[in-house]
Amino acid sequence: MAQTIGINMSIRFPPFVQRLFFLAAAAALILALWSAMVAIRFVPENLLPGPAAVMQAGWQEAVSGRLLVSTEISMLRLCSGFAIGAAIGVVLGILMGLAPVVRMALAPIVELLRTIPPLAWIPLAIIWFGIGEASKLFLIALTAFIPIVIATDRGVKQIDPVLMRAARSLDVPSHRMMTGVVLKAAMPDIATGLRLGWTLSFAILVGAEMIAADAGIGHMLMRAMNVGRFDIVILGILFLGVLSIATDAILTFLIARFLLHWHMGSDKEVQ
Amino acid sequence: MAATPRSAQSAGAATPAQNAPAELQLQMRGIVIENVTKSYLDARNITVQALSTIDLEIASGEFVCLIGKSGCGKTTLLNIIAGFVTPSTGRVLVDGERVTRPGQGKGMVFQQFALFPWLTAIGNIDFALKQRNLDKATRQTLAAELIGLIGLKGFEEKYPYQLSGGMQQRVAIARALAIDPKVLLMDEPLGALDELTRDTLQAEILRIWAAHRKTIVFVTHSVTEAVRLADRIVVMSAGPGRISQIIPISIPRPRLRTNAEVVALEEMVQAALG
Ligand SMILES: Nc1ncnc2c1ncn2[C@@H]1O[C@H](COP(=O)(O)OP(=O)(O)O)[C@@H](O)[C@H]1O
Ligand SMILES: [Mg+2]
Chain A
1 MAQTIGINMS
11 IRFPPFVQRL
21 FFLAAAAALI
31 LALWSAMVAI
41 RFVPENLLPG
51 PAAVMQAGWQ
61 EAVSGRLLVS
71 TEISMLRLCS
81 GFAIGAAIGV
91 VLGILMGLAP
101 VVRMALAPIV
111 ELLRTIPPLA
121 WIPLAIIWFG
131 IGEASKLFLI
141 ALTAFIPIVI
151 ATDRGVKQID
161 PVLMRAARSL
171 DVPSHRMMTG
181 VVLKAAMPDI
191 ATGLRLGWTL
201 SFAILVGAEM
211 IAADAGIGHM
221 LMRAMNVGRF
231 DIVILGILFL
241 GVLSIATDAI
251 LTFLIARFLL
261 HWHMGSDKEV
271 Q
Chain B
272 MAATPRSAQS
282 AGAATPAQNA
292 PAELQLQMRG
302 IVIENVTKSY
312 LDARNITVQA
322 LSTIDLEIAS
332 GEFVCLIGKS
342 GCGKTTLLNI
352 IAGFVTPSTG
362 RVLVDGERVT
372 RPGQGKGMVF
382 QQFALFPWLT
392 AIGNIDFALK
402 QRNLDKATRQ
412 TLAAELIGLI
422 GLKGFEEKYP
432 YQLSGGMQQR
442 VAIARALAID
452 PKVLLMDEPL
462 GALDELTRDT
472 LQAEILRIWA
482 AHRKTIVFVT
492 HSVTEAVRLA
502 DRIVVMSAGP
512 GRISQIIPIS
522 IPRPRLRTNA
532 EVVALEEMVQ
542 AALG
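Chains as they are written, first to last, in this note's numbering: chain A, 1 to 271; chain B, 272 to 545.
Chain A on its own, in the form it takes in the complex (with noise of 0.2 angstroms):
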């Protein structure tokens, strides 16, 4: 009854909007600051470019297709080692998470890895695999392996048990039991560990750019520190944001959409 009587006078966002509001906001604080410390000559112009400086190079990237061939590089990379090191991930941590003795094997080489920063295996990647592609898809692979690994062993060790007892009295061949049942019921934990594996490869992407490449935007961005092109440095730094919380909202919208559209909180239908 109560209801019928008060109204309820706030206006309520989705959270989506509320967020993108959020996200503007801190954009154009950094912008007025970024134009602040260009007008006081906080340091000189051309170590500190300006907004205006920074879009007319983005312009010049973006129409001579440089940038374009950057992304497409680093995206490549990005993608293809991602897929190497979660496609292991996934079944090293299956295999963990059903087979003890598999556990006792993997866990203690998967706790020393996890302990030591991605960064650090750049020099052995050099080493070992040149500063060709191999390299990167290297040492992106294992940085994405790592975090998924580790959720999946997780999720699988996490599987009620009624539900395998449900799966088994149903006769279930084996390989079916992989895919159809365990595989699905720790995807939640795995979904969790692709988006973690994702950030933690986009930062060792750019770093191994940075130090072992000669193409793709960390390589873009050195280059332009080399010769002192300040505007196109800032320009990297804010595209590989940009590219950041893109490629992290399409990951999150696949797995929402393909892998966990049946978990309770993917679900936008109000009942």
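FYI, nobody ran anything at the bench for these hints, they're computed from the structure.
Only a predicted model underlies this, so the values are computations on that prediction, with no experimental measurement involved.
Misleading hints may appear alongside valid ones.
Not close to chain B: a few residues of chain A, all C-beta gaps over 10 angstroms, as computed [stated by the list, open to error]: (1) 24; (2) 26; (3) 37; (4) 40; (5) 41; (6) 69; (7) 102; (8) 109; (9) 192; (10) 225; (11) 239; (12) 255.
Taking lysine-lysine pairs in the DSSO-like style, the calculated list, with each CA pair at most 27 angstroms apart, reads [to be verified]: (13) B:485 with B:401; (14) A:184 with B:429; (15) B:407 with B:424; (16) B:424 with B:453; (17) A:184 with B:407; (18) B:401 with B:424; (19) A:184 with B:401; (20) B:453 with B:407; (21) B:429 with B:407.
No residue lacks a Cβ here, since even glycine has one placed at the ideal position from N, Cα and C.
Once you have looked at the hints, place chain B with the ligands on chain A.
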């Protein structure tokens, strides 16, 4: 003859299944539990006897309720029949076939429903049908029939989290029936549901049982439930788990609580529980 627990030690107590030649054993339908005991090792490696000698025969198509206080070994016994737990001694035959593992036509219904949350109602049923080497059209027909049987037309495409507890348990029952099981083993299947839903589902289970005549072993700790459902109530007691009494029921269904006979029987089962 199955109305009293038999002692495996006494002479001549060998069951028909033991004496019959192999081909005859295969034809023997229903469940035979012979000389089954179960001991667990607890956390401090001390042997705990969960079940002392259990002998029980359940006829094909019979509805048996296992009742007893918590910890008396009902779940252990049901899991031994199901093949999830290996007995320390003795054996279980289902339709003459020795139980060595889960599956093999032993349908399970759990208190927690245990539906696959990534599959819709019909997806869960179809998952079970897929084990039967049927073509797609037959599977679709059977799935639609099962949905009708459990009264969930219109909810086929709902995911478990979109269904109420009672609806989820209906789907779980349909999924268990989808493998065309020889027996249906249910461990407190209505224990997680509210009073009203439990009442409705008891009637539904009786209706489904009447339609399919599956052998049902149904664990409960509710006297009312056991008296309403069972052909026979097997009363278990603890320390160590054993069958203390078997109560056959001949009152025709539906067994309303306005019937004095039903009330008297409830009191009797209550007394047997101690
Ligand atoms: N896996 C196990 N390990 C050790 N003890 C167990 C295990 N499962 C059951 N028990 C013990 O066996 C006894 C019977 O348990 P259970 O069959 O679950 O009883 P109920 O279902 O009647 O409540 C209890 O004392 C319980 O603690
Ligand atoms: Mg129990």
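Quick rundown of the hints versus the structure:
no.	hint	in the structure
1	24	holds, 34 angstroms
2	26	holds, 35 angstroms
3	37	holds, 51 angstroms
4	40	holds, 57 angstroms
5	41	holds, 59 angstroms
6	69	holds, 40 angstroms
7	102	holds, 23 angstroms
8	109	holds, 30 angstroms
9	192	holds, 16 angstroms
10	225	holds, 48 angstroms
11	239	holds, 37 angstroms
12	255	holds, 13 angstroms
13	B:485 with B:401	holds, 20 angstroms
14	A:184 with B:429	holds, 17 angstroms
15	B:407 with B:424	holds, 20 angstroms
16	B:424 with B:453	holds, 26 angstroms
17	A:184 with B:407	holds, 23 angstroms
18	B:401 with B:424	holds, 21 angstroms
19	A:184 with B:401	holds, 17 angstroms
20	B:453 with B:407	holds, 23 angstroms
21	B:429 with B:407	holds, 21 angstroms
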